[in-house]
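Asker: The primary structure of each chain is shown beneath.
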Amino acid sequence: MKSVYGNYAKVKSETVLEVINLKTWFFTRRGTVKAVNGVDFALKSGECLCLVGESGCGKSVTALSILRLFDSPPGRIVQGEVIYKGTDLTKCPMPYLRKIRGKDIAMVFQNAQSSLNPVFTIGDQIAEQVMVHERISRSEALDRARMLMEEMNIPQPGRALKMYPHQMSGGMKQRAMIAMGLSCNPAILIADEPTTSVDVTIRAQIIYILQELKNGRDMSVIFITHDLSLVKEIGDRAAVVYGGKIVEVAPVEHILKNPSHPYTVGLIDCLPDISAQNKRLPSIPGNTPNPLDMPPGCPFHPRCPKVMDICRVVEPATVNITDVHAVSCHLFVNMDGGSGNG
Amino acid sequence: MVSNLLLQVKGLRKYYRVTAGLMSRTRGEIRAVDGVSLAIKRGEVLGLVGESGCGKSTLGKIILRLEEPTAGEINFNGIDVINLKGRDLREMRGKMQIVFQDPDSSLDPRMTVGGSIEEALVVHGISDSAELEERVARLMEKVGLEAGFRERYPHEFSGGQKQRIGIARALAMDPQLIIADEPVSALDVSVQAQVLNLMMDIRDRDGLAYLFVSHDLSVVRYLSDRVAVMYLGKIVELADKEEFFRAPLHPYTEALLSAIASLRPDGRNRILLTGDVPSPLNPPSGCRFHTRCHRMMPVCQQIEPQLTESAPGHYISCHLYA
Amino acid sequence: MTDIKQVCCGRPAVDKRLLHYYWERLSKNRMSIAGLGFIVFLSLVGIFGPIFIPDPQKTDFEIKNMPPIGFSIDESVYDIKTGEFTTTVILGRPDHPLGTDSKGRDMLAMLISGARISLLVGLLATGIAIFLGTFIGVLSAYSGGWVDNALMRFTDIMMTFPFFLLLVMIVFIFGPSLAIIVLVIGLTGWTGAARLIRSETLSIRTRDFITASRALGASDARIMFNHLIPNVSSLVIVMATLSIPGVIMAEAALSFIGLGDPMSTSWGTVLNTGQHSLDTAWWVAVEPGIALFFTVLSFNFFGDGLRDAFDPKASI
Numbered sequence: 152m153k154s155v156y157g158n159y160a161k162v163k164s165e166t167v168l169e170v171i172n173l174k175t176w177f178f179t180r181r182g183t184v185k186a187v188n189g190v191d192f193a194l195k196s197g198e199c200l201c202l203v204g205e206s207g208c209g210k211s212v213t214a215l216s217i218l219r220l221f222d223s224p225p226g227r228i229v230q231g232e233v234i235y236k237g238t239d240l241t242k243c244p245m246p247y248l249r250k251i252r253g254k255d256i257a258m259v260f261q262n263a264q265s266s267l268n269p270v271f272t273i274g275d276q277i278a279e280q281v282m283v284h285e286r287i288s289r290s291e292a293l294d295r296a297r298m299l300m301e302e303m304n305i306p307q308p309g310r311a312l313k314m315y316p317h318q319m320s321g322g323m324k325q326r327a328m329i330a331m332g333l334s335c336n337p338a339i340l341i342a343d344e345p346t347t348s349v350d351v352t353i354r355a356q357i358i359y360i361l362q363e364l365k366n367g368r369d370m371s372v373i374f375i376t377h378d379l380s381l382v383k384e385i386g387d388r389a390a391v392v393y394g395g396k397i398v399e400v401a402p403v404e405h406i407l408k409n410p411s412h413p414y415t416v417g418l419i420d421c422l423p424d425i426s427a428q429n430k431r432l433p434s435i436p437g438n439t440p441n442p443l444d445m446p447p448g449c450p451f452h453p454r455c456p457k458v459m460d461i462c463r464v465v466e467p468a469t470v471n472i473t474d475v476h477a478v479s480c481h482l483f484v485n486m487d488g489g490s491g492n493g
Numbered sequence: 063m064v065s066n067l068l069l070q071v072k073g074l075r076k077y078y079r080v081t082a083g084l085m086s087r088t089r090g091e092i093r094a095v096d097g098v099s100l101a102i103k104r105g106e107v108l109g110l111v112g113e114s115g116c117g118k119s120t121l122g123k124i125i126l127r128l129e130e131p132t133a134g135e136i137n138f139n140g141i142d143v144i145n146l147k148g149r150d151l152r153e154m155r156g157k158m159q160i161v162f163q164d165p166d167s168s169l170d171p172r173m174t175v176g177g178s179i180e181e182a183l184v185v186h187g188i189s190d191s192a193e194l195e196e197r198v199a200r201l202m203e204k205v206g207l208e209a210g211f212r213e214r215y216p217h218e219f220s221g222g223q224k225q226r227i228g229i230a231r232a233l234a235m236d237p238q239l240i241i242a243d244e245p246v247s248a249l250d251v252s253v254q255a256q257v258l259n260l261m262m263d264i265r266d267r268d269g270l271a272y273l274f275v276s277h278d279l280s281v282v283r284y285l286s287d288r289v290a291v292m293y294l295g296k297i298v299e300l301a302d303k304e305e306f307f308r309a310p311l312h313p314y315t316e317a318l319l320s321a322i323a324s325l326r327p328d329g330r331n332r333i334l335l336t337g338d339v340p341s342p343l344n345p346p347s348g349c350r351f352h353t354r355c356h357r358m359m360p361v362c363q364q365i366e367p368q369l370t371e372s373a374p375g376h377y378i379s380c381h382l383y384a
Numbered sequence: 009m010t011d012i013k014q015v016c017c018g019r020p021a022v023d024k025r026l027l028h029y030y031w032e033r034l035s036k037n038r039m040s041i042a043g044l045g046f047i048v049f050l051s052l053v054g055i056f057g058p059i060f061i062p063d064p065q066k067t068d069f070e071i072k073n074m075p076p077i078g079f080s081i082d083e084s085v086y087d088i089k090t091g092e093f094t095t096t097v098i099l100g101r102p103d104h105p106l107g108t109d110s111k112g113r114d115m116l117a118m119l120i121s122g123a124r125i126s127l128l129v130g131l132l133a134t135g136i137a138i139f140l141g142t143f144i145g146v147l148s149a150y151s152g153g154w155v156d157n158a159l160m161r162f163t164d165i166m167m168t169f170p171f172f173l174l175l176v177m178i179v180f181i182f183g184p185s186l187a188i189i190v191l192v193i194g195l196t197g198w199t200g201a202a203r204l205i206r207s208e209t210l211s212i213r214t215r216d217f218i219t220a221s222r223a224l225g226a227s228d229a230r231i232m233f234n235h236l237i238p239n240v241s242s243l244v245i246v247m248a249t250l251s252i253p254g255v256i257m258a259e260a261a262l263s264f265i266g267l268g269d270p271m272s273t274s275w276g277t278v279l280n281t282g283q284h285s286l287d288t289a290w291w292v293a294v295e296p297g298i299a300l301f302f303t304v305l306s307f308n309f310f311g312d313g314l315r316d317a318f319d320p321k322a323s324i
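Chains as they are written, first to last, in the working numbering: chain A, 152 to 493; chain L, 63 to 384; chain R, 9 to 324.
The hints are simulated quantities; they were obtained by calculation from the structure and are not laboratory data.
Please note that a few of the clues may not be correct.
Derived pair list, reagent style DSSO-like, types lysine-lysine, alpha-carbon separation capped at 30 angstroms [what the hints assert, rightly or not]: (1) Lys24(R) - Lys204(L); (2) Lys303(L) - Lys204(L); (3) Lys103(L) - Lys147(L); (4) Lys204(L) - Lys457(A); (5) Lys303(L) - Lys157(L); (6) Lys195(A) - Lys383(A); (7) Lys457(A) - Lys174(A); (8) Lys457(A) - Lys408(A); (9) Lys383(A) - Lys457(A); (10) Lys174(A) - Lys36(R); (11) Lys103(L) - Lys157(L); (12) Lys303(L) - Lys72(L); (13) Lys303(L) - Lys383(A); (14) Lys303(L) - Lys408(A).
Listed next, the stretches of chain R that the computed footprint assigns to chain L, with coverage defined by at least 3 CB atoms under 8 angstroms from CB atoms of chain L [as the list claims (entries may be wrong)]: (15) 25-32; (16) 61-72; (17) 210-218.
Everything numeric in this text was worked out from a predicted model, so none of it was measured.
Note that the Cβ used here is the ideal one computed from N, Cα and C, for glycine as well.
Using the sequences and the hints given, assemble the complete structure.
Answerer: Next up, the structure:
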């Protein structure tokens, strides 16, 4: 009999990264863009945490904020902490952060086309990454690159190392990017929509590789996506992001079987594959909020079918409805099953 | 008696010549569409699926004569479309329309949305401004937009609203067929549902037929009556929706469906294709899919399979079922 | 080419809402608005100024080389009778607030009429160049094929044309005049515009809304006039605005080296007369120099602001 926690039971309980009340705002001439507006989560060792949300919800900026990779100015972390190995990455000096980048925490971006340097071969790019962080020779670095290419199921890895990005197909480029991310054996891999720009069959290959990686390496993954079906395939836990905040977080099976936040409910309902067919698709009325002009109170309230007066005024606190499932919604304020923080 | 068949395409081909050098020597041919035949009935939704480079978008454009085919026949309402000219061509254009993928580039940023919607009417000779205004208002209401927004510019609308405006523009001349080229791929999930619902409503109310081109199989499953799969310029499978998703035959279709866990037919394992899509400049010999096929046989490398009807209404192009 | 009447009906030439939108974006750029302010000021001066001033060409050797108001200069005069130099201090006078040149002509009057000349030359020459450039660029991009090739090769040839040599030859044959300068600059300066406008048109042509218009049955003419040209217009306006200072400087430079009309009071001509008396009457060279400097700067600021306002990707 499968445990109610499903995959989640295999995850160790040690926390490897902790994000506390993170706020990253962009100060532009048009106003202040509150891209990330109070995000809390903890990443456990060996788990794959999916940040799920639609465009503009702040999930990518959250990932960039962990390594302070966003443009600053105009962006700035105005509040919050990102604790890794006891250090707050939001405030640590740049040399330390650079050591962490690529080696401890690596990032894979959405668009491999623009993330790979067109004038260097793939082998050179991966080797460079390794040599920056580790004291090994170039030939050893290239060996490791070759092993990584094999791990990525890239045919003829030796030949692939000598290729330039424009000679590779979209799927190969994406896998090369993942290889780069893994080159220094990071403890945490942040993958920002790595399969959005590739075809379905290539996507399947990449997901397969990521699943193998998760099982093979001792690595935690933060997986950013808007695609709930991907979350189901690869995630252990899912955090739903809306309006720069996390509105619900729970193990994937929980969220899919028992979604609590009205936004999560709406998001799952309006998917054509999971809902019943040939009937009218339920949809969420209105549009995603403009980060320049966030509504007061709960960011979802203008579109929420269960909106109450308090939602328009007061931001909801995060409440634990079970010891693994937390929601940020006024509907659950009195249902605090565990130790709520609000 | 009016035939039930709205659109019939036979043996459609579109080859692009690749030239190189100062004197533009022909280096090769890209066979974007290579012998496609299909039919769409009145009021039916035919889903057309395939990955990048398979030719599905090109097929849509050729049917509308936005590009000229290299060979083949296109019959719309029994009329030969390929040889139409002048006013006849323009009249046909009113009956077959297109909706694009990218909401940001599908509307002229310098034109009010009312102007974009009414353009079809103006082009077809309606010049009375009162009538134009009334018809535009009705079209906007039909797609769920306030008629008072007609004086606004595209940048004032969201992605989903822009797609609705694109749909309103396509509906202006009461078309019978709409070619929807990835109409919801660029939209957020919650907005996708809104636009899909709208398209279904219009279909139910006006009896429109759609050629729904998409790479997103779950959307196709929701909307279509029949589904066709294209690979490197050819149709490899065509079947009724239920049959297609329950028991796909072609190995490529199997791989496509198995790529998405929720669509994997019951009892089937996941299939992973090796390698990447071959270049359309240099398609493999024999069956184009044989280089990645997990059920390849020797004959597949040599002889190209033909599209045959293996069961009523179920067409397949594969030596396994010849 | 079908129904032009049908093509252009029903659309106002300039739409108020769109203008308002662009104005809002533009007004957030202070330098740009300052530039615009100066341009407006200059235009008023150029248009109405010459009505109020005395004839700038009027010479009066009695009052030659007078400094501007508030400044003074020493003048040494050799008295034949006494055989000595007497130095007197000459002060600026309110009736010639900017001083006079070596022939006693009033500087302010010359600068004001020079403003009119600069603006005229700037606008006319730019107008000719941009009109030609747009016409050739759009036609080339829209036609494609051999027409495009032919026009672009023609543009390449014109680009290498030695316009300076041409100007010298024409001036030699016909004598110097402002009209010649305007024509030569206009007829040779369109090449850059043509290329840019052509490439912009090419990129607009592939966008979905053009395909949508074709799918509706719109004629080529309709697409060109109702869709292509309005979308290129912002590029054209920005290019024109940024070309004007170049043209003004070109005219000033040509007048400075003597190829302009010596009887005109263009800023370049004044600069020319002023270069010989930098130590005795420095203001004759400095004043038109300052005028040119601010004019060019203003057009550049305004043009930059316009470009940012029109660019949909620039977040303003």
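Asker: Next step is simple, just say for each hint if it's right about the structure.
Answerer: Taking the hints in turn, this is what the structure says about them:
no., hint, verdict
1, Lys24(R) - Lys204(L), "28 angstroms, holds"
2, Lys303(L) - Lys204(L), "28 angstroms, holds"
3, Lys103(L) - Lys147(L), "25 angstroms, holds"
4, Lys204(L) - Lys457(A), "28 angstroms, holds"
5, Lys303(L) - Lys157(L), "26 angstroms, holds"
6, Lys195(A) - Lys383(A), "18 angstroms, holds"
7, Lys457(A) - Lys174(A), "27 angstroms, holds"
8, Lys457(A) - Lys408(A), "20 angstroms, holds"
9, Lys383(A) - Lys457(A), "26 angstroms, holds"
10, Lys174(A) - Lys36(R), "28 angstroms, holds"
11, Lys103(L) - Lys157(L), "14 angstroms, holds"
12, Lys303(L) - Lys72(L), "22 angstroms, holds"
13, Lys303(L) - Lys383(A), "25 angstroms, holds"
14, Lys303(L) - Lys408(A), "27 angstroms, holds"
15, 25-32, "holds (count 3)"
16, 61-72, "violated (count 0)"
17, 210-218, "holds (count 3)"
In terms of the numbered hints stated before, the structure departs from hint 16 and from no other.
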